[in-house]
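Next come the chains, spelled out residue by residue.
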Amino acid sequence: GNSVTQMEGPVTLSEEAFLTINCTYTATGYPSLFWYVQYPGEGLQLLLKATKADDKGSNKGFEATYRKETTSFHLEKGSVQVSDSAVYFCALSTYNNNDMRFGAGTRLTVKP
Amino acid sequence: EAGVAQSPRYKIIEKRQSVAFWCNPISGHATLYWYQQILGQGPKLLIQFQNNGVVDDSQLPKDRFSAERLKGVDSTLKIQPAKLEDSAVYLCASSLDRVQPYNEQFFGPGTRLTVL
Chain U
46 GNSVTQMEGP
56 VTLSEEAFLT
66 INCTYTATGY
76 PSLFWYVQYP
86 GEGLQLLLKA
96 TKADDKGSNK
106 GFEATYRKET
116 TSFHLEKGSV
126 QVSDSAVYFC
136 ALSTYNNNDM
146 RFGAGTRLTV
156 KP
Chain B
413 EAGVAQSPRY
423 KIIEKRQSVA
433 FWCNPISGHA
443 TLYWYQQILG
453 QGPKLLIQFQ
463 NNGVVDDSQL
473 PKDRFSAERL
483 KGVDSTLKIQ
493 PAKLEDSAVY
503 LCASSLDRVQ
513 PYNEQFFGPG
523 TRLTVL
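Read top to bottom, the protein sequences are chains U and B. Everything in the first sequence is counted per this note's numbering, starting at 46 for the first residue and increasing by one. Everything in the second sequence is counted per this note's numbering, starting at 413 for the first residue and increasing by one.
These are computed hints drawn from the structure, not numbers from a lab. Even for Gly, the Cβ is constructed at its ideal location relative to N, Cα and C. Treat the hints with care, as some may be off.
Said to hold, decoys possible - Estimated spans, in silico, between C-beta atoms of each pair: (1) B/509 / U/46: 18 to 26 Å; (2) U/62 / B/450: 40 to 48 Å; (3) B/509 / U/54: 28 to 36 Å; (4) U/113 / B/450: 27 to 35 Å; (5) B/485 / U/123: 36 to 44 Å; (6) U/116 / B/456: 16 to 24 Å; (7) U/63 / B/484: 44 to 52 Å; (8) B/419 / U/98: 24 to 32 Å; (9) B/485 / U/156: 22 to 30 Å; (10) B/453 / U/127: 40 to 48 Å.
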């Protein structure tokens with residue numbers, strides 16, 4: 046079945062450090078891939094998405110590239126800020142199901 | 413534009429009691445989802461509605477969980493009777509139309525349930 050595996054946390058970085066959160070997936074067909082972010086006390090928000098191989102999703106300085114050959118969708122940011130502290134979820138959905146499968150989440154804490 | 417509304421935000425009950433959660437999706441969104449998010453895990457889909465019909469409830473524990481979406485707008489999720497393992501955050505989400513590909517799901521703030 047479809048599933049997502051993401052890097053375990055927690056991850057603690059200093060402000061302006063480089064961030065990578067790894068995500069790999071297993072899916073039949075051609076899934077769309079997503080990163081959602083959950084800030085403290087808030088609901089999940091879509092951060093970025095990619096719908097086909099080699100697409101790059103980007104938002105708020107975050108980027109992730111859909112790599113079909115390695116079945117990966119790693120999240121990166123060149124310089125993190127304290128305000129990026131949150132839990133990040135990698136997810137996939139397939140065209141005909143639209144049922145979102147989430148990873149376990151990675152908690153990021155950025156210290157000043 | 414108003415987001416997905418959920419209530420209550422927090423609920424504490426004892427095991428074997430009943431509880432209900434309410435969700436109001438974004439206006440015009442045909443598809444509504446209920447997820448269960450256990451601490452330390454990602455959300456797991458419980459049930460999906462398209463308008464007022466159930467599309468997928470394969471992961472809903474039907475012996476104790478039920479959900480309805482009357483008139484294709486608001487939805488309620490009920491647990492009766494609750495077990496300790498039901499302690500989780502229950503998330504509601506909505507999207508424009510499941511038929512269209514890659515529709516973004518918009519999430520509510522969730523209801524945190526604690527079963528003692």
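Q | Violated hints, by number in ascending order, as checked against the structure | A | Violated: hints 2, 8, 9, 10.
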